[in-house]
Amino acid sequence: MLPLTLLKTAQSHPMLVELKNGETYNGHLVSCDSWMNINLRDVICTSKDGDRFWRMPECYVRGSTIKYLRIPDEVIDMVKDDAQAKARMRSEMNKGRVGAGSQNQNVRGQLRPRYKNTPQNGLKSGSRGPINRPLSQAGVNKTRK
Amino acid sequence: MSVTAEAQNGIRIGSLHKSTVSIITADGRNFIGTLKGFDQTINVILDESHERVFSTTSGIEQIVLGLHIIRGDNIAVIGLIDDQIDSRLDLGNIRGEPLGPVVH
Numbered sequence: 545m546l547p548l549t550l551l552k553t554a555q556s557h558p559m560l561v562e563l564k565n566g567e568t569y570n571g572h573l574v575s576c577d578s579w580m581n582i583n584l585r586d587v588i589c590t591s592k593d594g595d596r597f598w599r600m601p602e603c604y605v606r607g608s609t610i611k612y613l614r615i616p617d618e619v620i621d622m623v624k625d626d627a628q629a630k631a632r633m634r635s636e637m638n639k640g641r642v643g644a645g646s647q648n649q650n651v652r653g654q655l656r657p658r659y660k661n662t663p664q665n666g667l668k669s670g671s672r673g674p675i676n677r678p679l680s681q682a683g684v685n686k687t688r689k
Numbered sequence: 242m243s244v245t246a247e248a249q250n251g252i253r254i255g256s257l258h259k260s261t262v263s264i265i266t267a268d269g270r271n272f273i274g275t276l277k278g279f280d281q282t283i284n285v286i287l288d289e290s291h292e293r294v295f296s297t298t299s300g301i302e303q304i305v306l307g308l309h310i311i312r313g314d315n316i317a318v319i320g321l322i323d324d325q326i327d328s329r330l331d332l333g334n335i336r337g338e339p340l341g342p343v344v345h
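Sequence lines, in order, name chains W and H.
The numbering of the first sequence is the working numbering, which starts it at 545 and goes up by one.
The numbering of the second sequence is the working numbering, which starts it at 242 and goes up by one.
Please note that the accuracy of each hint is not assured.
Distance condition first, Cα-Cα at most 25 Å in a straight line; then the derived SDA-like pairs of lysine to any residue [as the list claims (entries may be wrong)]: (1) W:K552 <-> W:N581; (2) H:K259 <-> W:V623; (3) W:K564 <-> H:L330; (4) W:K630 <-> W:P558; (5) H:K277 <-> W:D621; (6) W:K624 <-> W:M637; (7) H:K277 <-> W:V619; (8) H:K277 <-> W:D617.
Footprint (simulated), chain H over chain W, 3 or more residues, beta carbon under 8 Å [to be verified]: (9) 546-555; (10) 610-617.
From the derived model, a few chain W residues whose C-beta atoms are all more than 10 Å from chain H [said to hold, decoys possible]: (11) I588; (12) F597; (13) W598; (14) M600; (15) Q628; (16) M633; (17) S635.
Just so you know, these hints were derived from the structure itself, not from any lab.
All residues carry an ideal CB built from backbone N, CA and C; glycine is no exception.
One chain only, chain H, in its complex shape (with noise of 0.2 Å):
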């Protein structure tokens, strides 16, 4: 019998699938988009993404990026973002720290 990554991953990631999701990178980033696939090492295709820069000058900027495949190795969370509430929020007005990146 063969099992497609995406059943196998169905319960974690499988739900998020078309949704938009947040994804926070091993350097730190924060990468914005609609989750259009996965595979079994959690590479990852976010469509329509953009990132979210943090600062504690100026409020967050949004950076318009596109298509993008994010390798697995690469990738520390993946988050749901409810679009409702998302588009409620005054990105302009939120400071905050930048992360670092993930010590090995």
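Excised from the complex, chain W in its bound form (with noise of 0.2 Å):
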């Protein structure tokens, strides 16, 4: 199991958050992402020493900065129910699939024009190459000056 599947799996529960300096966060997740930033409501900032507190109703948290993230004994049961619930959608997309034997070939026909339409001079589209150009220019204009 990753640590970042967990922490998702933690969303909406309340927990516990050290940072490296000290401070500890009490609060609700409400996001995180896959750098470990999280978002947390109703938040309790405690110092580094324990002696003072502050309440804010959210704060933002840069994943960096965290030391450790304390969180409820029952969220770890839940991420395999979370994989379950996601295999199960899965494995129906996939039947959903195969039994269309006739609009498989229809799926792979709608793909075909997309590598067409990629350009054959090797750029990717949105590529910088014709935009540099006239900046080069300029730029030689400008030493000529």
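Quick one: dock chain against chain with the hints and give me the complex.
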């Protein structure tokens, strides 16, 4: 099980986050991303020595400043349920595809134009090649002056 | 080919999966718990964890903590604990200096 999967499952649950500077943040997890950046709601911040407290309605914590997160024990069991639900959804989607044999070919046909659309000169669409040209010419003109 | 984090780190941490480990963090704390998962940055899931607090005046104090995600940045050492040997320890009678933090 991946730590960030567990963290994602812990969304909406209460948790304690200790930062590298020793401050702790108690709150409910709103959201997190793959850098462990997190959004908390209804937060109580405690200073390093545990002698000062701040209450705030929400806060955002940069992942790289986190030392550890303490989450409710039951969350780890919910990850398995999440994974099972996902697997079920995936197998149902596959069933839909396999069931429609003739449609399968249509899907492939729809994909083909996408490859045709990519430029043949090896440049990806959105490449900066053509845009760079006028800029470099402008640069040359300036140096000549 | 996609290679999972667990496969990449398999030789080192994969063998510790689901076993009891001791994690010493950069601030000198010692967490004991069951390793339930890790990723490529050595973020770690530690289940049923507790902290052992060393002191020179009284025995080792165990603080029950529960489920933890410890960020890889903060981990100095992960070591396998032999449950048999560990259960034989008389923590109340072991004294020791607490570790200091890692100096960067």
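Evaluated hints:
no.	hint	in the structure
1	W:K552 <-> W:N581	holds (11 Å)
2	H:K259 <-> W:V623	holds (16 Å)
3	W:K564 <-> H:L330	violated (31 Å)
4	W:K630 <-> W:P558	holds (24 Å)
5	H:K277 <-> W:D621	holds (11 Å)
6	W:K624 <-> W:M637	holds (20 Å)
7	H:K277 <-> W:V619	holds (13 Å)
8	H:K277 <-> W:D617	holds (12 Å)
9	546-555	holds (count 6)
10	610-617	holds (count 8)
11	I588	holds (18 Å)
12	F597	holds (21 Å)
13	W598	holds (22 Å)
14	M600	holds (22 Å)
15	Q628	holds (17 Å)
16	M633	holds (20 Å)
17	S635	holds (20 Å)
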